[in-house]
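Participant: Sequence:
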Amino acid sequence: MRIICLFLLFYSCQLDTEFKDLTPENAFTPAFYFNSPEFTKAMDNISAAEVDTVFSIERPKHLLPPPLHALERRWMTTDTFAFETKDFQKVLNVIMQTAESHRDSIITSFVTAVPEEVSLNGRAAYSVPGQYYLVPQSISTGKRIFLQISRTRAAGSGFWKTWYYTANGLWLIGEKLPVDLEKDIS
Numbered sequence: 001m002r003i004i005c006l007f008l009l010f011y012s013c014q015l016d017t018e019f020k021d022l023t024p025e026n027a028f029t030p031a032f033y034f035n036s037p038e039f040t041k042a043m044d045n046i047s048a049a050e051v052d053t054v055f056s057i058e059r060p061k062h063l064l065p066p067p068l069h070a071l072e073r074r075w076m077t078t079d080t081f082a083f084e085t086k087d088f089q090k091v092l093n094v095i096m097q098t099a100e101s102h103r104d105s106i107i108t109s110f111v112t113a114v115p116e117e118v119s120l121n122g123r124a125a126y127s128v129p130g131q132y133y134l135v136p137q138s139i140s141t142g143k144r145i146f147l148q149i150s151r152t153r154a155a156g157s158g159f160w161k162t163w164y165y166t167a168n169g170l171w172l173i174g175e176k177l178p179v180d181l182e183k184d185i186s
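FYI, in full-length UniProt numbering the residues of the sequence shown are 1 to 186.
Treat the hints with care, since some could be wrong.
As the list claims (entries may be wrong) - EDC-like, lysine to aspartate or glutamate: derived pairs with alpha carbons at most 20 angstroms apart:
#1 86 / 117
#2 86 / 50
#3 90 / 44
#4 61 / 117
#5 90 / 117
What the hints contain is simulated information worked out from the structure, not anything from laboratory work.
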């Protein structure tokens, strides 16, 4: 009995380092390309979903806080989700609903000059070649969060490369500092 209790304690305390597949019944499969038309269609049809877990992280590479009058508290991320064409809507609903649940404390963040601006079927995004896309998305308060869509080459994909895609939400928690209009800030 003691061994079982120790095993259960050890198992329950493990870090969740893997991604979540919101549709586990249909297996996570690789794709030849990122289906941006289906992605933008899903982005235009966000609906309510269950709020997921968020984690505090170091400032993500290529994201910056607002330049003036903001106090950077911490950066947050959602779980990382399996992201396939058939899962786009479900994953985006969960990420956006999770961000909406924190809308009062989110501050708009910005992208550094390093990532290249690209278009995903007409939707602006930033690309870190061979690694991930950063897709800006506004929540109901008008504040901006970013969707990070990462890709990993599938093992054994040979000459015709296939990729696994995952997605998570990134945002800044902070507060605006009061501006003293009597002082010259130039």
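Participant: What hint numbers does the structure not satisfy?
Facilitator: 1, 5
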